[in-house]
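Enquirer: Residues per chain are reported as follows:
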Amino acid sequence: MNLENYIKARRQQKDILLMTHIVLGYPSFDDSLRLVETMVKAGVDLMELQIPFSEPMADGPVIMKASQESLENGATLERCFETAEKICSEFDIPFLFMSYCNILHKYGFQPFAEKMKAIGIKGSIVPDIPPEDAQDYTAAMKQQQLDPIFLFAPNSSDARMKTIEKTGSGFIYCVARTGVTGSNTDFSEDISDYLRRSRAATDLPLAVGFGIKEKADIDAVKGFVDIAIIGTESIRVMDASGLEGVDRFIRSLA
Amino acid sequence: MNLENYIKARRQQKDILLMTHIVLGYPSFDDSLRLVETMVKAGVDLMELQIPFSEPMADGPVIMKASQESLENGATLERCFETAEKICSEFDIPFLFMSYCNILHKYGFQPFAEKMKAIGIKGSIVPDIPPEDAQDYTAAMKQQQLDPIFLFAPNSSDARMKTIEKTGSGFIYCVARTGVTGSNTDFSEDISDYLRRSRAATDLPLAVGFGIKEKADIDAVKGFVDIAIIGTESIRVMDASGLEGVDRFIRSLA
Amino acid sequence: MAEGKAGYFGEYGGAFIPEVLHATFEELNEKFTEIKADPDFWQEYENLMSTYSCRATPLTYADNLSRHFGGAQIYIKREDLNHTGAHKVNNVMGQGLLVKRMGKKRVIAETGAGQHGVATATMAAKFGLECTIYMGEIDVLRQRPNVFWMERMGATVVPVKEGTRVLKDSINEAFRDWVTNMDDTHYVLGTACGPAPFPEMVSYFQSIIGKEARRQSLEATGKLPDSVYACVGGGSNAMGIFQGFMDDDVELVGVEAGGHGIDTHLHASRIASNDATVGVAQGFRTYFLQNQDGQMNETHSVSAGLDYIGISPLLANLADQGRIRFESATDVEVIDALSLTMKKEGLIPALETSHAFAQAFKDAPKMRSDQTIIINQSGRGDKDIFTIADAFDDPKWKQFIIEKARQYES
Amino acid sequence: MAEGKAGYFGEYGGAFIPEVLHATFEELNEKFTEIKADPDFWQEYENLMSTYSCRATPLTYADNLSRHFGGAQIYIKREDLNHTGAHKVNNVMGQGLLVKRMGKKRVIAETGAGQHGVATATMAAKFGLECTIYMGEIDVLRQRPNVFWMERMGATVVPVKEGTRVLKDSINEAFRDWVTNMDDTHYVLGTACGPAPFPEMVSYFQSIIGKEARRQSLEATGKLPDSVYACVGGGSNAMGIFQGFMDDDVELVGVEAGGHGIDTHLHASRIASNDATVGVAQGFRTYFLQNQDGQMNETHSVSAGLDYIGISPLLANLADQGRIRFESATDVEVIDALSLTMKKEGLIPALETSHAFAQAFKDAPKMRSDQTIIINQSGRGDKDIFTIADAFDDPKWKQFIIEKARQYES
Ligand SMILES: Cc1ncc(COP(=O)(O)O)c(C=O)c1O
Ligand SMILES: Cc1ncc(COP(=O)(O)O)c(C=O)c1O
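These protein sequence lines map, in sequence, to chains A, B, C and D.
Numbering-wise (the UniProt record's numbering), the first sequence opens with residue 1 and increments by one.
Numbering-wise (the UniProt record's numbering), the second sequence opens with residue 1 and increments by one.
Numbering-wise (the UniProt record's numbering), the third sequence opens with residue 1 and increments by one.
Numbering-wise (the UniProt record's numbering), the fourth sequence opens with residue 1 and increments by one.
These are calculated hints, taken from the structure and not from any lab test.
Incorrect hints may have been included.
According to the in silico footprint, chain D covers these stretches of chain C (three or more CB under 8 Å from chain D) [to be verified]:
| hint | segment |
| --- | --- |
| 1 | 27-33 |
| 2 | 50-61 |
| 3 | 118-126 |
| 4 | 331-343 |
Simulated DEER-style distance windows between Cβ atoms [said to hold, decoys possible]:
| hint | chain 1 | residue 1 | chain 2 | residue 2 | range |
| --- | --- | --- | --- | --- | --- |
| 5 | D | K105 | C | R368 | 26 to 34 Å |
| 6 | D | H260 | B | D219 | 53 to 61 Å |
| 7 | C | D263 | A | K8 | 52 to 60 Å |
| 8 | B | D136 | D | E26 | 20 to 28 Å |
| 9 | D | D247 | C | E251 | 52 to 60 Å |
| 10 | D | E403 | B | E244 | 51 to 59 Å |
| 11 | C | D184 | A | K215 | 53 to 61 Å |
| 12 | D | E130 | C | R368 | 42 to 50 Å |
| 13 | D | A23 | B | K142 | 24 to 32 Å |
| 14 | C | E251 | D | R368 | 55 to 63 Å |
| 15 | D | E26 | B | Q143 | 24 to 32 Å |
| 16 | B | R248 | D | T277 | 44 to 52 Å |
| 17 | A | D239 | C | K36 | 19 to 27 Å |
Fair warning: this is a prediction, and the values are worked out from it, not measured in the lab.
Ideal Cβ placement from N, Cα and C applies to all residues, glycine included.
Okay, chain A solo, but in the shape it has when bound:
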């Protein structure tokens, strides 16, 4: 079952799915494994595994710091692959890679996609590849039946959304607001207009992220999108109160 179908099927049972995020190697690779285990057990529906990059242009301070520490602790691409492979084999939800263009580009888009396939990763989120420059990337992914996830922004025009949704597959990642990850988003404010436009632009499932940090945020987008994405907040919780805290946090969102 491909990613899109998985999401649609799962949505039959749940109003909204939950996608969480970790940075591979942060605080350590062992912790990464345990974090995934905790999250999966707590009921998340899909996960992003971020491969750290030294120039994380679109990340906010929390994820940036996590990436940096992971690299300083000696995280290599090889270690990321190994850990991801272990994760995919042990847990039965879809996992995606999140990273920046250069990580894929340096390895080669095609070898990288082959590696993802071999490991069992279902797709990838790369925020600094725009549709215009995505051809090699999407071709490599599609050849391996993997999903390159693309992003909408609140200031994407309707026409632009069309272009984007045609380039990507799996689902669309709706960035809830301008800015980087990890800042507050006021979900009580009306972002419904943006999400309605997004919905109209594509038949792909929609995910929304950037600033979701409690059940109320999720409730606010319920009905508009298929997936709520928790990024920064779970790192904050992990830093503050460990795995147990993460378990409690994820469960509180359901």
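Given the coordinates of chain A, assemble chains B, C and D with the ligands onto it according to the supplied hints.
Expert: What follows is chains B, C and D with the ligands alone, placed relative to chain A:
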């Protein structure tokens, strides 16, 4: 008897006369008095009393330092006049003021000359008044029958010497070499040419100074000039070995 | 200048930006296209640069250096005389005019050595814009004098505590600001790098150097130079002067930071060394000094302005085409060249600039005396005094600083 | 320009020099007369200044300041853009050409703030001359950055330990050198003071500022300015710009250092205060800040370049004639003017220069908007960073210096 005649008369008895120099107020005004006493007793024929100036453009380091200390110790023009008056009344050789233009200018050339007359000073040496700008100065001096002493330099042309000697009176101060006071002059080198030119340029008595510091130097100029001038060296001796040293030094020159 | 796909130069360039900046770049591309086609704009730009800075900057004949080396006649293009002391102001004032046209109220910029930050703060003061400068924390500490001036001109200087806390990290941080505030804010990128249209746009504004230099060479010597030298950090001063001679039979020589030597990995030579590979970072595709995983390396140079990880896509392409010869100069060679230039000509090139001098000094003696070269003096070195004094290890300078510190502490 | 007795301007000027320098001054007067009569010389001078420095320096319209004050239109003559950062280089390069004509091999100069010393060291490097700079010991300690550059350009900097160990003492010391070495040495006096022909000669070279400013004013505004402002130390930048407007219906305003206020005696205002009297020192007759015995006073100013005891005889004479209005600006007013100029225009006038800005800012609001003024920006302030940072009492700067000192001490 005016200065010129005094020198000529005295030369009847001596091959060469000795003029020495002190800075008024250095090391103190009392010391100035005692220095004059020592020098006169040791047989000097005439003396320069330097009124310190804050911008002593033509002085070398030793005299400059003496001037500066004198000023720092609070030397005023009034104190200099008082001390000079005491000196002139107590000792029976001609005394000259040495200073810079501004000291006379600020007081007024005419009042300054009147003051000199009243005190008993016979003339003045002001190295930064050139003949071209000397009119007010010489007029004031001459009105009081005082002698403005002018200077020849080794690079003064014959024509220039004529101009200078016409402006001054008393005697001519032949600067032995270029540069400031207090450096070595090699009197064994031939300065006779310069002094012969000087002799030819004027009927005034000639004095030579800048760098004379021992009997051999004086012997070298004997026959060419009427007066040997000791400037810096006696300050050096005073600093090193006090009044007694000065007494010994002056006597060694005879 | 672009060929093939818009924003690309050969296989280099592009605009690898988050979706949220798409509209901003669309507007920027549009406005840039507009001003390029508008002769009034260039005229307005030249007027501004000739009344606010001192363009045309002179071409100085270095007679003593020419005689000293006994080879080519050496001419020096004097970007150091610009207001704020370097070529950086050309780009910044050009973008300032663009900001006015776009009606934005705020500018942001990255800065490494501080030169571009000072230029941007200056432009913001002149144009009445709000201004935030991102600067790696390490650079803030090293380059306090520049920070002082930026702040005095009313800019907010934000020390970037992320990453390696140097230039590249301040670029990331500036982008983070931009993705949040793109509506009222323009990001004044400081060199011919970054996402399209920046490499082309910065080069466009800097082309004023080459235009002048070409004309001045003809006036002064009756012919074009045989070779033109420029140091290469991001590549803006090099592109600036090279563009005056691109279609001529003139050799173009770009000089990168050789640091401790290109065999030591402690350098910042992207083309002259074999250490760089093609990558995509900070919004564009070019040669980067990166490891096998695609993580960027730390670089080293005595000059803070040349230690960038990437190089202008325009230069990468021209290197591929063999149009530009790339060389590198080591820290030691650079200090020697600087020292000689001060003593012989009374000129103080910036440490960055001194790289170009160092290479020119290697080549000039081998040339004939009827040949001429131009060195682009991209900036003046007197604002580098803390670095240069350290490079010379000047004991009296150290004593001065120690005394000054004592005053402050008491 | 001289009237009456050669070398005199009204009752000011003259050449009160030791006999040993007579021949040297004769030669100097002769050569100066020769070059003044030689149109090729001025052409050579202009060529040098336009290829080695960036003359003509621009006239910048300060639109923000003009709007801010809502009165006169404010234009700024940009001497700060000159090579070495101030108008001083005009005089120095002119004298350099003269030295070449006289065939001398060595130059000496006094310097206070170090600006003139740097300019002279630069000229000496360019012209291949030996160079010794005399600088008061206190100034050497305060102005280490300038000493550093002079030494790096090959000059010998001699700290003067005599007198008050500041500018005037370094002038005395330079004269002491000259009376010893006049045969092969020229003394490059740095301002429009000293024995004739220096006041006139320095003014002559600096007149390039006024010539340009007059032409530029006509070009930019179609008319002459209503008022022209310049700070006055020795008087060279003021004479330089004023000469362009001497015979016009243009108000000329000279601004002296008001220090803590002209009632406090802690200032350096020779004309604007009542504290100065006519005297003869350092080779010429003018107003000096001196006590009743004729000993020179200590002066005070936040700017090292305006605290000279005397003033150009040309300016003293023009003050007598009422041709120039003299004002003073206090240290506090100066810092405020500097701060405003940085924020509003992105310009950093030197502390000396900021005096002229301070007075202009007092007058401009009272003028009509169809009136224009020109301020002579004699130099740039970025080399004053140690002084300016202290004036602003900048805590981050202090921290930076303390850290740096710690590095050096470890
Ligand atoms: C004086 C100077 N030259 C050169 C450079 C390098 O930049 P670019 O290669 O863009 O000219 C810098 C950068 O700070 C600089 O300050
Ligand atoms: C920038 C600047 N302006 C003005 C002056 C004052 O000198 P002057 O009155 O001769 O122009 C100086 C002297 O150092 C200076 O450096």
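Enquirer: So, for every hint listed, does it hold in this structure?
Expert: Results for each hint:
no.	hint	result
1	27-33	violated (count 0)
2	50-61	holds (count 10)
3	118-126	holds (count 6)
4	331-343	holds (count 3)
5	K105/D with R368/C: 26 to 34 Å	holds (31 Å)
6	H260/D with D219/B: 53 to 61 Å	holds (59 Å)
7	D263/C with K8/A: 52 to 60 Å	holds (57 Å)
8	D136/B with E26/D: 20 to 28 Å	holds (23 Å)
9	D247/D with E251/C: 52 to 60 Å	holds (53 Å)
10	E403/D with E244/B: 51 to 59 Å	holds (58 Å)
11	D184/C with K215/A: 53 to 61 Å	violated (34 Å)
12	E130/D with R368/C: 42 to 50 Å	violated (32 Å)
13	A23/D with K142/B: 24 to 32 Å	holds (27 Å)
14	E251/C with R368/D: 55 to 63 Å	holds (58 Å)
15	E26/D with Q143/B: 24 to 32 Å	holds (31 Å)
16	R248/B with T277/D: 44 to 52 Å	holds (45 Å)
17	D239/A with K36/C: 19 to 27 Å	violated (49 Å)
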